[in-house]
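Asker: Please model the entire structure based on the sequences and the hints provided.
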Amino acid sequence: MAPTDQQAPVARRIHWPELLITWAVLTAVSVAGSLLLFPHVMPRAASSTMHLIILTVVVFSVTAAPVGSLVYATLFYGLRHWKHSSGDEPPPDGPPMRGNTPVIIVWIGISCVIGTFLLIWGLAAMAADSADAAHPALTVDVTGQQWLWTFHYPGTDVTTSQLVLPEGKTVTFDVTSLDVVHGFWIVQMGVKVDANPGQVTTVSVTPDKAGTFTVVCSELCGLNHAFMRAPVRVLPDNQFKSWLASQE
Amino acid sequence: MTTTTAPAAPATAGGHQPGGLMRRQNFVTGVVGGVAVAALACVLTHLLAGDSGSYFSDRVGTMTFIGWDLGFLLGIGAVNGPINWLRGRDMTEEDQLYLAGKDQGRRRYWKFCTDHKVVGVQYFIMAMIVLFAGGVLAMLIRTELMRPGQHFVDQQTYNTFIGMHGILMIVGLIIAIAGPFGNFILPIMIGARDMAFPRLNALSFWLVVAAAVPLLSVFAIGGISDGWSTYAPLAVQDHIGMDAFAVGVMTFVASTTIAGVNIVTTFITMRTKGMKLVRVPIFTWGVTISSALGLFAMPFFAVALTLLLSDRTMGTSFYLSFGGGSGWLWENLFWLMGHPEVYVILLPGAAAVLEIATVFARKPLFGYQVVVGGMVAIALLSVVVWAHHMFTTGWAPALNGPFMLTTEIISIPTGVLILALLGTVWQGNIWMRLPMFWVFGMAWDFIIGGITGIYLSDVPVDQQMHGTMFVVAHFHYVLVGSVLFAAMGAVAYWFPKVTGRMLDERMGKVAFWVIFVSFQVTFIAMFISGLAGMPRRVANYAHTLEVSNFASTIGAYVLMAGMLLELYVIVVSWRRGKPAGRNPWHAKSLEWQVPTPVPLFNFDVLPVVTSDPYGYGEPPPPAAEPEPGPQVPVEEPELVPAGAGTPEGEDR
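In order, the protein sequences belong to chains A and B.
Counting with the working numbering, you get residues 1 to 248 for the letters of the first sequence.
Counting with the working numbering, you get residues 1001 to 1652 for the letters of the second sequence.
Hints are supplied without guarantee of correctness; some may be wrong.
Claimed, not checked - Here are some, though not all, of the chain A residues that point toward chain B, as calculated from beta-carbon distances under 10 Å:
id, residue
1, 12
2, 36
3, 50
4, 52
5, 61
6, 74
7, 81
8, 84
9, 123
10, 175
11, 187
12, 237
Just so you know, these hints were derived from the structure itself, not from any lab.
Idealized CB from N, CA, C, for every residue including glycine.
Answerer: Written out as structure tokens, the structure is:
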């Protein structure tokens, strides 16, 4: 048994400034880190959707930073001040705290507030994203099969193995598959939807940067899944029109 | 069962020896039986239903592996009881004692043994074997991903690696804590002499062994080209390896279901006098809630695989669009299993960490009722979040908002568990022994795993992150960084009770630091690969991802070295560790009050419990006569319906 025969243990004083400063420093470091890291590491955005995604990741990180830092600050503080021994005999018992209702209520309350904020942010981002999709300027039929992509421009005879899109116009993709489930993902544009056999799924995007990007298959589809890629070229609108005409 | 029998008549009456046929049955007869029935099933199916003239067909394969399962269980003696009942007989008390492994030494670990402590040790060894196999596959995967381009294995082999790595690690993690400690420790913790259904307990373990054979034979018969999520229709067109995979997983589902029924029933009915639901150790709550959740979740996997095998062998089209089916059916069924299953894995780990934290902070658990409520809330919510795995499948875009809501709500009870951990160590006197290292490590990883999960719950962000290495890194932080760390903490904590020896602290701490640091390197680099746009389950990637992948691979090699060191520490300590005594941690829960090694029926006299085991720093509870402590023995033994028989009149 633990040596409980002495007087009841007394809680040690908390050195609040140290705890708060640790928390503040960790928070500042993680906020700065997420502001620098995500825009730098994630692909350079080539659509309004992708800008929104990167912004969301940064906002969520900034929101999460004080929460995670609070936990880490407490654990670090504990390791500094409450660590007792690692000998064969246990330290004396700590103070018999079985709970603290105000703390629990505040903790759950703050969780709810943060959760609500994240939810509203997410719903607003979804709404902003789908507002564009209502009036597409162009529709492209996308067909996946093991292990290649085919793009067809409805109303024309044009069928290609590279995706060409006009800059600044909203495009809707009608995506399907001939065999198994594939994932249609334009890495730099933040759009992704599965290509299902026998179903047409839809996703929209407004490219806002001319350049060359990549379609990658994001759903394991068998042997050559890793090589199921296609180039995406985004051209200014007039160049796109002349490209489309030249293909017919 | 009553205990009115006079000392049993000598068992030789009628030439019947205790155990009967069981005396000659063990793992070897199980394997012989399995191979024999598998061969029989193989030949018969080929004769009666062979559809391609070749033995290498889906029907023959499926029936062969089902035959293996049945033959193995017959051979090892798992169905002796039911067969005896059909013949109008039941086991005598001596038979039951033989079945519980009485006086059989180490041999009983190779037998169908009903003693929950034997089953716990069997699970412990099995979990280590399975996790080791999964770890080797992880090394092979990381070797292929060390550089861009194909340079190590071909695509088919690589796809087999990722699928088998996934399923073996899932199996290993489901049994990693609830298997060894849910069986060995949980009944003692609640003051029971065995599980509620000892024979089902043994059956649940040997079903895991049975499942391992079809799963591992996948490698020998051509592999699988799916991940462990085996999305249809790809899984329908896959080779015969998929049949082995399906039968293996279904066998494992049978095991978890049986184990779940057993643990839940044990928790509800076998608690000793005074062990109220507000007094049971928090670990037993975690394991029980996890088991109950598993009872809901795991059968979906078996159902989904039954339909898959039907598509593959009988020409149905549940998942085939040209016959009116849909791959979305598979995806729904799979994730109805798949998401609760994450919490099936997580809850025992979280509960073990809280249990350890109270002992090593020398403080009561912070917010006991809130923790239990939080775990129940997690379990309930986890059954309504599954479609967040399907945001980008196109199945039901209108439901993306609601599933984002449920997913974000589940972070609130999860946060409560974190608060409980912080509250428990707050102002404590932290005893920095090995188990506490893993607790701190787990807390570190769980925060990262949890926060990155919040990004993924957001529909627009998931549109970018779904199916990338970011997801892979996220769930490794949860499943390895949190659960496996918790499991290794649990091993360090309960090792003295299970083996009678201490886990080597010095080497154990070295292993901890190697694993902790290399784990961060491996998976933070993997987060970066994912953020930069690397899809998961690819054997090749763009040159821009070279640095982060190389870092991941080096980290993974060091991680494996750390794991091997941990394994070495376990093996060496088991053989030559410092003897531990009854209660090396000076803990208050019941498992530490019984002698080590734990006697066959755990308690001479069932204790009467007057408080929960967290009274650190509090005055001893009332009526503590013989020694200060919460548990006081009473004079008269309580009769308990322990299926392995009562200890009356037996030397223990």
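Asker: Hints first: check each against the structure and report whether it holds.
Answerer: Now the hints, each set against the structure:
no.: 1; hint: 12; result: holds, 5 Å
no.: 2; hint: 36; result: violated, 13 Å
no.: 3; hint: 50; result: holds, 7 Å
no.: 4; hint: 52; result: holds, 6 Å
no.: 5; hint: 61; result: holds, 8 Å
no.: 6; hint: 74; result: holds, 5 Å
no.: 7; hint: 81; result: holds, 9 Å
no.: 8; hint: 84; result: holds, 4 Å
no.: 9; hint: 123; result: holds, 6 Å
no.: 10; hint: 175; result: holds, 8 Å
no.: 11; hint: 187; result: holds, 4 Å
no.: 12; hint: 237; result: violated, 25 Å
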